[in-house]
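S.K.: Chain residues, written in single-letter form:
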Amino acid sequence: MSSADALKPRQERWYQSKRFRRFRRNPLAVVGVVILVFFATMALMAPSLTADRLGRACLRDLGLGRSQARAVLHSPLNAHFWRAMFAPPKSCYSIPRVGYSPRPKPPSKKYPMGIASGGYDIFYGIVWGARTSFYIGVLVVGVVMLIATAVGGAAGLFGGWLDNLLMRLVDVVYSIPSLVLAMVFASIFGRGLTKTMIAIALVAWPIYARMLRGNILQVKAQDYISAAHALGAGNLRLFFKHILPNSIGPMIILASLDIGAIVITASTLAFLGLGADVGYADWGQMISFARSWISNPGGEPLKYWFVWFWPSMAIAMFVLGWNLMGDAVRDALDPRSQ
Amino acid sequence: MKRLIVLAFALALIGAALATPKDTYVFLQNSTFDSLDPVQAYDGASIGVVENVYETLYTFKKGTPGEYTPTLATSYEVTNNGLSYVYHLRKGVKFHSGNPMTCKDVKYSVQRNLVTMPGDSGAWIFGVLTGYGNDAMTEAKKALGDNASQADIDKFLDAYWKKIEDAVVCDDMYTVRFNLSHPDVAFFAKMLFTGAAVVDSKWAIAHGAWSGTEKDWKDWIGVDLRTGYLHNHASGTGPYKLVKWDGNTVIAEAFDGYWGGEPAIKKVLVQGVEEEATRLEALRRGDADRVDVSNWATINAKVKQMSGVKVWSDSSWSPASAHVVFFNFDVQGENNPYTGSGKLDGNGIPHDFFTDINVRKAFAYCIDQDAIFNDLFEGHGAWYTMALPTTWPGYDPTIPIRKLDLDKAEEYFKKAWGGKVWDKGFKLTITYNAGNTERQTVAEMIKANVESLNPKFKIDVVPLQWSDYLKAARAKSLPIWPLGWGADYADPDNFIHPFYHSEGSLAKRQSFKNPEFDKMIEYARTLVKPEQQQERYDIYKKIGRMAYDILPNVPYPLQAPFIVTRDNLKGVYYNSMISGDFYWKDISK
Amino acid sequence: MLNYIIRRSLQIPMVLFVLSLIIVGLMQLLTPQQRAAAFVKSDKQIEHLDQIIKKYHLDEGFLVQYELWAREVLRGNLGFSRISKEPVTTTIRKRLPASMELALSAFIPIVLVGVWLGTIAATHRDGILDQALRVVAIIGWSLPTFVMAIWLVAWVYGGLGWFGIGRLPNSMLIDLATGHFHRYTGMYTLDGLLNGRWDVFFQALKRLVLPATALVIVVSAGIMRVMRSSMLDELGKDYVRTARAKGLMQKAVIYKHAWRNALIPVITMAGPMLGRMIGGIVVIELIFNFPGLGEWAAKAALQLDMTTLLAFVMLIGLIMASANLLVDIAYVIVDPRIRYE
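Residue numbers (the working numbering), protein chains in the order written: chain A, 1 to 338; chain B, 1 to 589; chain C, 1 to 341.
For reference, chain A alone in the conformation it holds in the complex (with noise of 0.2 Å):
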């Protein structure tokens, strides 16, 4: 241990803090808990769930005949059932079609969701649109950290006119709202999942790269850390030692707990056009085609809820867990209510 360490506070395990008892007794955020372990699941499990109604191209490139993928799928032991659940390839995303008739059909026990506009097994969209969720929402959230990291970090470290700049940037980038420049970038990287997704971490770093500068400030600023410098530890190897791993952690909390609106980004530009490719098991896409069946003029009105009930309970039921849970680590974090 070196002599920095000796004097830093001592940190209890995370389980006995008193912050995350305050986050266990809430209520809300154990149903935010639930709600998520429940579409992990779903995602995880996606490809045993669906196994009897798997697309023609995703079975080929599983490697898989049709009569067996539901034995072999549903079975740990074989090793198709965990390279499907782990590594699926792309195709089955594409959500299978039942035809291609442009009227939906309601739940039958086959399908038990109904089919969509154009053919589209709603069930399957549903399963596997949870798997694109957790995918957009890890996938961004990690490409901001990134982003926050480098320019935060640089920004705190090296201070001076390189974090008067970075600063400056993250101000500009901050001060358009986020769907609007998400829509532009989108516009520009065209269509498809991987450039949405890198469209919406462009422009969703700013505040944890501030967050994440004033914490390192903070970090800075405190005793073990200047004793560390008085023990001359060297300035790099100090940051990466003490100051960025004691100033990152509420970062890394805070962005996230922001998978639900980064969720809900994903969507809107997925309902605006500039989402996944058509086809492709993503809830915000199924919305946008289930528009024209939402209202039945003149007819039954609840004739059609099925197409777009599951996609929009599903996005708002996915953000809510995340919300509900981010709410109550929020208020656990917030020293005000301690």
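No lab work stands behind these hints, which were simulated from the structure alone.
Some clues are possibly wrong.
[What the hints assert, rightly or not] In silico BS3-like links for lysine-lysine, alpha-carbon gap of 27 Å or less:
(1) 541/B / 44/C
(2) 55/C / 163/B
(3) 476/B / 54/C
[What the hints assert, rightly or not] Derived coverage of chain A by chain B (criterion: at least 3 residues anywhere in the stretch with Cβ under 8 Å from a Cβ of chain B; other residues may be distant):
(4) 93-105
(5) 277-291
(6) 296-305
These figures come from a predicted structure and were not determined experimentally.
By construction, the Cβ of each residue, glycine as well, lies at the ideal position given by its N, Cα and C atoms.
Please build the complex by placing chains B and C on the supplied structure of chain A, with the hints as guidance.
M.R.: Just chains B and C now, with coordinates in the frame of chain A:
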């Protein structure tokens, strides 16, 4: 009292819908306007307005795209072996501004096409008058190279102007003569395109448009007319005058000095509303008299249950377009993402993959035309045997259609490339314009059926954004793609040439070349006399029959046309050559 | 103070400059053919693609393109919008009033609802009402704007037949275009009143209800949150306790002292709130067929019309920067403890 006011206020806000008045026609369409300048307008929405505000010399008879009736002209004759068209103009016709219409205006209007020729307009249609299909500057660069001296360019431009000058001549105030650079059997049909609509020259010049003389013509070469005065102002001879174009909405009112008598509908509003549900709600409430509806499924499932709404359709109606799947005979581009490895090794296709007729036939047998007809169009469609509108002369309905036949497909795949295709397999990408459900369906159908034949056949279906499509189409890098083509003017040459001639704008993109076709199409173009028309149509039929075997493309069915209106609208008809399907002046309530 | 205002105002052009550099820079990722997407609408024009690329300098490099654009902008010309088919400045002049009308009609309800609910939540801290409001706020926060807007259209307008969408009924649009109706502000509600046309006023107002409601739901949850926590802060302060000890009635204390002070942090929310509102307007205008700036920009994004998008971002940047400046100034006026140097 206070509570009563609040209640009344709330009721007023919730309030009943406002139906459109008896003398008003409101049309909600799915697209917005590009330009109301007749030369620049080249999309359905814009032409749909222009055709009611301006008039051409002749126009289409109500329900029959192949028959014409004189409007601004009273008669015409073809002289000089088809090189001159002489039109006798109607007297006493007034523009909206009050100016009288004379030969000067006709000359000005047609020459404005030749002078400006914006690349994104339909002005090329009149290229036969000068012999050039591009604006003068582009032609000069094409003829002289990019490094030509200013003097050479000036010389070229002077010669170009001379041709424009000679192309349209006023024999007297009411007689106009068009001199063609070469005989063109479609010239009369071309003159019905709204680009040739007659513009009030005095009014246009007064508002800063081209002066009509050599003096400033060079300033107008290739100009974007959307920045000009005529872009959103109009003075034509048509039954309606433009009141205002504001955003997505065009408002017009009846012109009381119209030579053909005042129409029943006095006020017209056309609005671009992209959301179909919104259009249908407006129709249901009577706040629209006509709306665009995307497909028959929506009609059958939703529109037919609405009260007070009428769906017009007729088995004799057929669209003036053709949709086909194209094969590329010479796929270009290094590292082409659509052809896999670029070799016939199971992971790609070579650039000349589709030159083997067996491959093309096998693919053709994998297109499930019955499913398109029954699932997509719910049985309301038109079969196509060749790339020509089915009611046009030259169309041969007796040519067979290749429907889904997986056995035959397998047979041809086994024969293709000496059996190598079947042994090694292939991988390629079918693309379609993102957002086009019909083309997407065709592409996915081909994929599903081809892949079901042999596990080594791999097809990806990729939607292309418009921007990416432009790039790929330009580079000729797409191996196989579905595409539609709509008529510019009502002559079969407008389809046969682009689809089947090696210089045709579509065939060029797939590097298709058949010398026999070329010879026949060029010969047909010289058959300008009325008594030669049957011969010309027979040639087109022959091309259609030959195309069945040569298979440069596979035509597939189209949705049958329909019109959705309130049931109090009378006089509705369908003419595939009129962008709005009918003229506003012909309807009433 | 004046010094500060001048300094901040000078920063605005810098922000716009950097924004334009970012966007024009990113545009370099596109090939000339892709940049032509907004210029070429139909398949038939592919023949003339090269001609169009040359004509609009789409094949030029970054510096040339930026220079071409910047030069026009300095002349007050923001370019020609391929979406609205007219100069960008004309479109902004026509469409800004529509968006403003929508934003203004939502603004007061947003503040009222947010502040009111926030106060209730704070005064019932941890009670059932507080928890219920919290859940409602989180749910409101969790629904994407477009989902809620679609529901409003489908159920309230489509199902119940209430209110309306668009800006005015079509027959009235014709009436106004062909008759004598002076457009003073471009906002139909105000113009209706100024022209003495009550029917226009009512119809326009009727069509503002649903989109404004959607905006209120989207934006007011954030205000409520801030109001709640700032109110709690105030209630925990010594002077409130003192007042309470002195025996003043609790309600009077809360509303007179604490409430007024608690409003101050809400002012800082104006910037983010405006941002959220603008984002919401883009989607809401599209769904409610409301021809404002948001609808225009959304279409431009879909068709890759860079001139329009660039102008839109510049405009939003200008609005946001000015709003933030105003907020800072207002903050100083409201709270004299703060000093800017």
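S.K.: Against each hint, give a clear statement of whether it holds in the structure.
M.R.: The hints, checked one at a time:
Simply put, residue 541/B and residue 44/C have alpha-carbon atoms about 24 Å apart, close enough for the 27 Å limit, and the pair holds. Restraint check for residue 55/C and residue 163/B: satisfied, since their Cα atoms lie roughly 24 Å apart, inside the 27 Å limit. For the hint pairing residue 476/B with residue 54/C, the CA-to-CA distance comes to about 20 Å; that is within 27 Å, so the pair holds. Counting residues of the segment 93-105 of chain A whose beta carbon lies closer than 8 Å to any beta carbon of chain B gives 6, which reaches the threshold of three, so the coverage claim holds.
For the segment 277-291 of chain A, the stated coverage by chain B holds: 4 residues have a C-beta nearer than 8 Å to a C-beta of that chain, and at least 3 were required. For the segment 296-305 of chain A, the proposed coverage by chain B is satisfied: 4 residues have a C-beta within less than 8 Å of a C-beta in that chain, meeting the threshold of three.
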